[in-house]
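Asks: Residue numbers (full-length UniProt numbering), protein chains in the order written: chain Z, 1 to 461; chain P, 1 to 461.
Bear in mind the hints are in silico, worked out from the structure with no lab data behind them. Incorrect hints may appear among the rest.
With a straight-line cut-off of 27 Å between C-alpha atoms, the simulated DSS-like cross-links for lysine-lysine are [said to hold, decoys possible]:
hint, chain 1, residue 1, chain 2, residue 2
1, P, LYS154, P, LYS143
2, Z, LYS143, Z, LYS154
3, P, LYS287, P, LYS154
4, P, LYS287, Z, LYS328
5, P, LYS328, Z, LYS328
6, Z, LYS287, P, LYS154
7, Z, LYS143, Z, LYS287
Protein chains: 2
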Amino acid sequence: MNTDKQLDRVLQAADDGLPAALDRLMDFLRIPSISTDPAHAGDVQDAARWLRDELAGLGFDAQVQQTTGHPMVTATSQPGAARDLLFYGHYDVQPVDPLDLWDSPPFEPRIEDLPDGAVIRGRGAADDKGQLMTFVEACRAWKSVHGTLPPGLKLLFEGEEESGSPSLRPFLRDHADALRASLALICDTGMYSDGRPAITTQLRGLVGEEIIIDAADRDLHSGSFGGLAANPVQVLVDILSTIKDDTGRITLPGFYDGVPELTNALRADWDSLGFDAGEFLSRVGLKQPVGETGRSGLEMIWARPTFEINGIAGGYAGDGFKTVLPAKAVAKISFRLTGDQDPDQIRAAFRDRVQSMLPADCRVTFHAHGGSPASRMNIDDPAFAVAKSALTEEWGREAAFIGAGGSIPIAGDFQQILGMDSMLIGFGRDDDRIHSPNEKYDVESFRRGTRSWIRVLAALT
Amino acid sequence: MNTDKQLDRVLQAADDGLPAALDRLMDFLRIPSISTDPAHAGDVQDAARWLRDELAGLGFDAQVQQTTGHPMVTATSQPGAARDLLFYGHYDVQPVDPLDLWDSPPFEPRIEDLPDGAVIRGRGAADDKGQLMTFVEACRAWKSVHGTLPPGLKLLFEGEEESGSPSLRPFLRDHADALRASLALICDTGMYSDGRPAITTQLRGLVGEEIIIDAADRDLHSGSFGGLAANPVQVLVDILSTIKDDTGRITLPGFYDGVPELTNALRADWDSLGFDAGEFLSRVGLKQPVGETGRSGLEMIWARPTFEINGIAGGYAGDGFKTVLPAKAVAKISFRLTGDQDPDQIRAAFRDRVQSMLPADCRVTFHAHGGSPASRMNIDDPAFAVAKSALTEEWGREAAFIGAGGSIPIAGDFQQILGMDSMLIGFGRDDDRIHSPNEKYDVESFRRGTRSWIRVLAALT
């Protein structure tokens with residue numbers, strides 16, 4: 001039972017507590033919890049403990065739960081809510097290379113006052129430490145007024161989101177009863193590109209794959225062997241050049257099985273957003289959309305499957321020049337999935353393509369790096385309408401139901417393993433440079449994000 | 001005037017001096033003179049000074065001559081020869097990465113006793129420090145018997161052979177009169193693959209090129225931008241996959257202008273060598289020749305032009321997985337040239353291909369890394385017959401005139417700038433692993449190589 005008066009007091013408490021909340025976030029951001037780099041395993045543990053201690057200090061029943069990989073942090077508040085809710089975020093971060101492109105050290109976060117407002121600069125500021133802390137700080141403000149935490153909350157914080165979440169599905173299965181709730185709240189998405197508040201209702205899936213092609217048992221002299229010996233970099237290049245055709249369509253057999261066309265309703269909604277692909281690209285120094293001919297910009301990033309080469313390496317690419325015929329070549333590639341595309345089937349079709357083009361003297365090794373189907377939420381749950389008006393009220397702009405190009409496998413996992421839908425609300429901006437040097441999060445996103453969760457909690461608990 | 005008796009005494013002196021000669025070579029190999037890595041510039045200077053001091057100690061008039069790059073070491077003996085000779089070698093070495101593939105540190109050379117005989121293990125043992133020292137030690141043995149050095153010798157040692165020789169041509173132009181001789185002796189090649197002594201009479205040329213493709217002004221999240229933003233790695237891959245067709249022929253316009261077919265005589269000579277491509281490849285863990293259909297193995301490595309990708313890099317290829325859409329991609333490629341192919345024309349044709357396939361949002365930067373035409377020697381110079389019988393006598397096997405797949409631009413430079421031919425005599429083996437981890441040089445190559453030069457000098461000076 002929350003009166004408007006109580007709500008206003010909680011919102012005010014959040015504003016009054018902003019400086020202290022930012023200090024806490026800075027402490028969190030100083031921990032280099034890069035989950036994909038084994039050298040940082042200890043830092044990931046430190047970040048988990050830091051978060052557990054914060055939650056316990058707020059009165060949550062909080063634990064660090066070890067897995068075979070990085071740990072999960074779980075917490076619960078007292079029962080007694082109209083409906084219980086599971087909140088999800090991740091405390092691990094992306095690698096920081098190329099380090100020399102950072103204007104300040106990625107793990108020495110700082111507040112920068114820019115013409116458009118203050119920003120929090122540092123790896124993880126937006127993805128996802130800053131975002132998950134908006135919910136924690138909402139709970140803190142709530143308790144400072146009500147004396148108790150919002151009831152019926154379950155919190156789940158993951159430390160492997162940026163490294164394929166190997167431990168997540170087993171953990172969800174082992175703790176299904178403890179984690180299941182009426183709805184999941186996920187804070188790992190952004191607002192619409194013009195800053196309009198948004199609830200993400202569909203996400204692309206992901207298939208990540210690493211390919212290693214080996215040929216000779218050593219690097220060779222390209223003069224002595226060139227023209228006679230297989231070059232694994234050439235083999236890799238020839239294979240990767242066949243995955244897409246000239247129209248940007250992916251050529252793997254059966255790849256488009258289960259890819260839906262946009263409904264007219266959704267197409268109309270998205271058209272109304274007035275997305276300008278050229279303007280969107282201009283923020284990163286580009287201007288010409290590539291990709292499938294005959295598709296709109298939003299379709300390409302929200303509703304069409306893609307193939308990207310995320311990394312490639314082979315031979316000598318350092319200073320100077322080395323006339324070597326390389327012994328091996330490596331690529332990391334990924335597919336974004338939509339609709340009902342089957343990650344396993346697409347991974348198999350890709351591996352078949354590689355195998356079919358492999359010359360006699362080459363051997364290939366595959367490593368799977370995460371696979372998850374796309375997700376579409378059931379927006380008939382009244383919580384979506386409630387949240388939409390809460391966001392509209394907080395930001396003073398009509399909130400939108402949007403799609404997202406990124407993959408948040410957890411949403412699909414919640415559906416498949418816990419049988420529950422997710423409401424994806426986030427406050428990131430397109431210029432937050434997540435996964436890139438100089439990542440930032442607007443202080444305004446952090447402040448209004450906290451206030452937005454207060455409104456949502458007031459309406460739902 | 002040399003009698004057989006004197007010759008035998010010099011040969012004996014070389015054998016007696018072998019242990020001390022190996023000690024000197026070890027000192028030389030301990031200097032990490034990697035010319036392509038700016039971090040090793042000081043080591044290259046040290047190697048030059050070491051060599052100058054050795055030569056001065058032998059009675060040569062020797063100098064270290066600085067250039068805008070790494071220095072040249074030059075030396076002369078007293079006049080009075082039947083014909084003066086210019087000897088060339090290079091004291092710089094290849095980079096050593098991947099370092100973890102070395103069984104012992106590359107710059108801690110050692111003698112290893114193997115079933116087939118002792119070898120000198122270390123970077124530069126064969127390419128080219130060990131080879132050039134065979135000539136220096138031949139001069140030492142000569143002087144110990146004659147009391148004087150072989151007359152009419154000019155020595156030129158380069159420190160940039162493994163990094164495109166940027167200073168060489170200007171140096172040759174500036175010192176043409178001092179360097180010109182009746183014939184150049186170059187010791188940077190190998191014996192025929194079965195260990196038969198050989199004089200290399202034709203060499204492939206080289207065009208080395210680095211391509212850097214830039215797209216967005218930062219690495220992007222492949223979820224947020226994938227499908228809409230240009231991926232420079234994909235662009236690079238698509239371009240490099242078009243350079244060769246399915247038959248292994250290079251598709252650049254005019255590429256084969258000036259490529260000669262083998263003369264029937266030469267084809268017959270080479271056929272008589274009984275080259276077995278499968279056996280040759282089996283030494284490096286391969287078995288299937290690739291390359292142009294319908295060409296013999298020796299043709300492919302000695303007499304046909306090639307295209308190789310020597311290195312490629314872009315995006316994230318480290319541990320784990322990073323769903324990044326890279327901002328840039330880099331490749332290092334090279335062409336091997338034959339006959340009268342024009343390096344400049346071929347570089348231009350390659351750059352045209354890249355430019356023609358570049359999408360609107362990508363920019364390309366090119367860096368030239370060396371360009372030299374192929375070389376064919378005039379084997380009518382009687383010195384070739386004299387050297388052939390000297391080699392035959394020393395090794396007890398009929399010496400052969402052969403080709404070489406590698407590029408030794410100096411031979412072409414001597415022809416074009418000094419108007420003199422070169423006689424390429426070397427004692428390397430196909431399993432010396434030059435340019436690769438665990439490079440070695442047979443002690444027998446070092447010993448008989450020294451003795452071979454003694455015989456050649458006795459016959460020519």
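Asks: Hints first: check each against the structure and report whether it holds.
Replies: Each hint, compared with the structure:
1. P:LYS154 <-> P:LYS143: 16 Å, holds
2. Z:LYS143 <-> Z:LYS154: 16 Å, holds
3. P:LYS287 <-> P:LYS154: 44 Å, violated
4. P:LYS287 <-> Z:LYS328: It holds: about 16 Å lies between the C-alpha atoms, which stays within 27 Å.
5. P:LYS328 <-> Z:LYS328: 21 Å, holds
6. Z:LYS287 <-> P:LYS154: 60 Å, violated
7. Z:LYS143 <-> Z:LYS287: 48 Å, violated
In the structure shown, a violation is registered for the earlier hints numbered 3, 6 and 7, in ascending order.
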